[in-house]
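> Chain residues, written in single-letter form:
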Amino acid sequence: MIAAHGLTKIYGQKTAVDGITFTVEPGRVTGFLGPNGAGKSTTMRMILGLDRPSAGSVTVNGHRYADSPAPLREVGALLEARALHPGRSARDHLRWLAVSNAIPASRVDEVLDLVGLEAVAGQRVGKFSLGMGQRLGIAVALLGDPPVVVLDEPVNGLDPEGIRWVRTLARQLAAEGRTVFVSSHLMSEMALTADHLIVVGRGKVLADCSMTEFIADHAASFVRVRSPQRGEVADLLRRWGLDVAVHDEELRVQGLDAAAIGELVGKNGLLLHELTLVRSSLEDAFMTLTADSVEYSAHDMATTAGTAR
Amino acid sequence: MTMTPTSSTVVLDPTRNVPGVRAPGFPDTLHAEWIKFWTVRSTFWATAMLFVLGAGLTTLVCALAAKDLASGAAGESPGSFLTWGMMIAQITAIVLGTLVATSEYGTGMIRATLAATPRRGSVLAAKAIVVSSTLFVVGTVTAFAGYFAGNWFLDREGVGLALSDEGVLRSLFGSGLYMAGLGLFAAALGLLVRHTAAVLSAVLGLVFVVGQMAWLLPGTWGDWVAKVMPGNAGSGVGTAVSFNPNLLGPWTGFAVFAGEVALLLVVALLVFRRRDA
Chain W
1 MIAAHGLTKI
11 YGQKTAVDGI
21 TFTVEPGRVT
31 GFLGPNGAGK
41 STTMRMILGL
51 DRPSAGSVTV
61 NGHRYADSPA
71 PLREVGALLE
81 ARALHPGRSA
91 RDHLRWLAVS
101 NAIPASRVDE
111 VLDLVGLEAV
121 AGQRVGKFSL
131 GMGQRLGIAV
141 ALLGDPPVVV
151 LDEPVNGLDP
161 EGIRWVRTLA
171 RQLAAEGRTV
181 FVSSHLMSEM
191 ALTADHLIVV
201 GRGKVLADCS
211 MTEFIADHAA
221 SFVRVRSPQR
231 GEVADLLRRW
241 GLDVAVHDEE
251 LRVQGLDAAA
261 IGELVGKNGL
271 LLHELTLVRS
281 SLEDAFMTLT
291 ADSVEYSAHD
301 MATTAGTAR
Chain E
1 MTMTPTSSTV
11 VLDPTRNVPG
21 VRAPGFPDTL
31 HAEWIKFWTV
41 RSTFWATAML
51 FVLGAGLTTL
61 VCALAAKDLA
71 SGAAGESPGS
81 FLTWGMMIAQ
91 ITAIVLGTLV
101 ATSEYGTGMI
111 RATLAATPRR
121 GSVLAAKAIV
131 VSSTLFVVGT
141 VTAFAGYFAG
151 NWFLDREGVG
161 LALSDEGVLR
171 SLFGSGLYMA
181 GLGLFAAALG
191 LLVRHTAAVL
201 SAVLGLVFVV
211 GQMAWLLPGT
221 WGDWVAKVMP
231 GNAGSGVGTA
241 VSFNPNLLGP
251 WTGFAVFAGE
261 VALLLVVALL
271 VFRRRDA
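Chains as they are written, first to last, in my numbering: chain W, 1 to 309; chain E, 1 to 277.
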């Protein structure tokens, strides 16, 4: 279990993590979702005791990471795949890590096999592709067979087959009862992997709920209805107990599918100009939720040109 | 991709170990640093260069200078030449010490290191032991090799020195000590500054340029500043007879140098323990 309480990190003038509180429970995959610059990596570095919190605290299994007698056997982490020396071989990298935490040497070959790098274990990691580096990072995370696994953007640079492998792996680790904490800036990836979701933006927790709740709350679909007799149509639909919202020229209707709405309106002799099912994707829901908190947003060309003039 | 999980049940115990292993301690941290040190090519090349430059240049210079030393035309003592190559070889000791610290920051390795061993004092101690013991052994072996080869040429001209002559044995082991101290000095500065090029320029500049320029400072205070510059204070222990008569005594100088190294290590430790990785 990972527990953060009022966790804060300030770099100079900039607050990277702003008093966040959350718990990551064992036995499920918890997704840590947020746009780039939301404070995900900083939070993960604080979990591992690499960065010192400006305020608040974070514990792993009830104590600070640094107080673990053998941290790699308690928490396995993939921080940045390139946190390694390019001149050292994959096996040597795992070997020194194993030795540092008194992990049996036999475990090195086990994890190399597990991530599919046994054939290139003797090669210098500088020659590795991004995907191979990521696999080595995952091997490092699993080296100590840890009950807590922290993966920062694990699918970065992986091919589709690799992405599916990471997804399966994360789910399997959680099924074994481990605590699995996976960060990503891709909602679509999280939707397939995570059971629970912590959404952050600009260093604050925006949502902390199960994936099912998140979908129900944020990814609702509606039927867009346009009609020259907007008022009558709205009254009719409301009488039938449907949820009708008026947005400019259109009605957004929830509670009945498009076909049924069309029949209902037609039977009552009213005119329809448009009848469309609008399905809000999870990605859209995530965008909406974090819209105000995106750190580096692309500006509209026209706006930029306007200010430049 | 097939998955072969190693355990089907996980006990969520904070002190849980992989079956059959014990809790790690400082010897494990030391062993891990030793593996890290010797599994990159730069270590092999730097130690090889130390030997080639140290022993090779001593031999070459002794061979070339033997006649002039014998005739007195050189105006120097043969004892000054027996560890001549070490003056140049110290560059490689500085490189090795620097890389032990800065390569971790340049590559992001430091995060892996500190995640594996959060006790930062232990990490620094382990690095210091690995780099200083290696440099002491390689430096001493190099000095002995240079002595035996170089002295062969001096002996032919009748100006060779025996191991039992004053200062000879001390200068050979002292060369190893000086190399170890320089490596530590560079490693400590490396931990503070974290950029390879900056640290190399600073230490090489301090030892080879600033140390020499300091002799030009006026007055008694200038003389003392020059005497206690790290390269000037520490190198005396590595020569049987120094070229520079103004240096502190070999052991006095080395004590000053060791104090400077220790001070820098303490500062590095304090900063290293507080700083974000």
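Hints were generated in silico from the structure; no laboratory data involved. Careful: at least some of the hints might be erroneous.
[Unchecked claim] Derived list of chain W stretches under chain E, where covered just means 3 residues or more per stretch with a C-beta under 8 Å from a C-beta of chain E:
1. 40-53
2. 84-91
3. 97-104
Backbone N, C-alpha and C fix where the C-beta goes; we use that ideal spot for every residue, glycine too.
> Work down the list of hints and note, for each, if the structure agrees.
Hints, one by one, checked against the model:
1. 40-53: holds (count 6)
2. 84-91: Three-residue rule met by the stretch 84-91 of chain W, so holds; n is 6.
3. 97-104: Coverage by chain E holds here, the residue count being 7 at a Cβ distance below 8 Å.
The earlier numbered hints are all upheld by this structure, with none contradicted.
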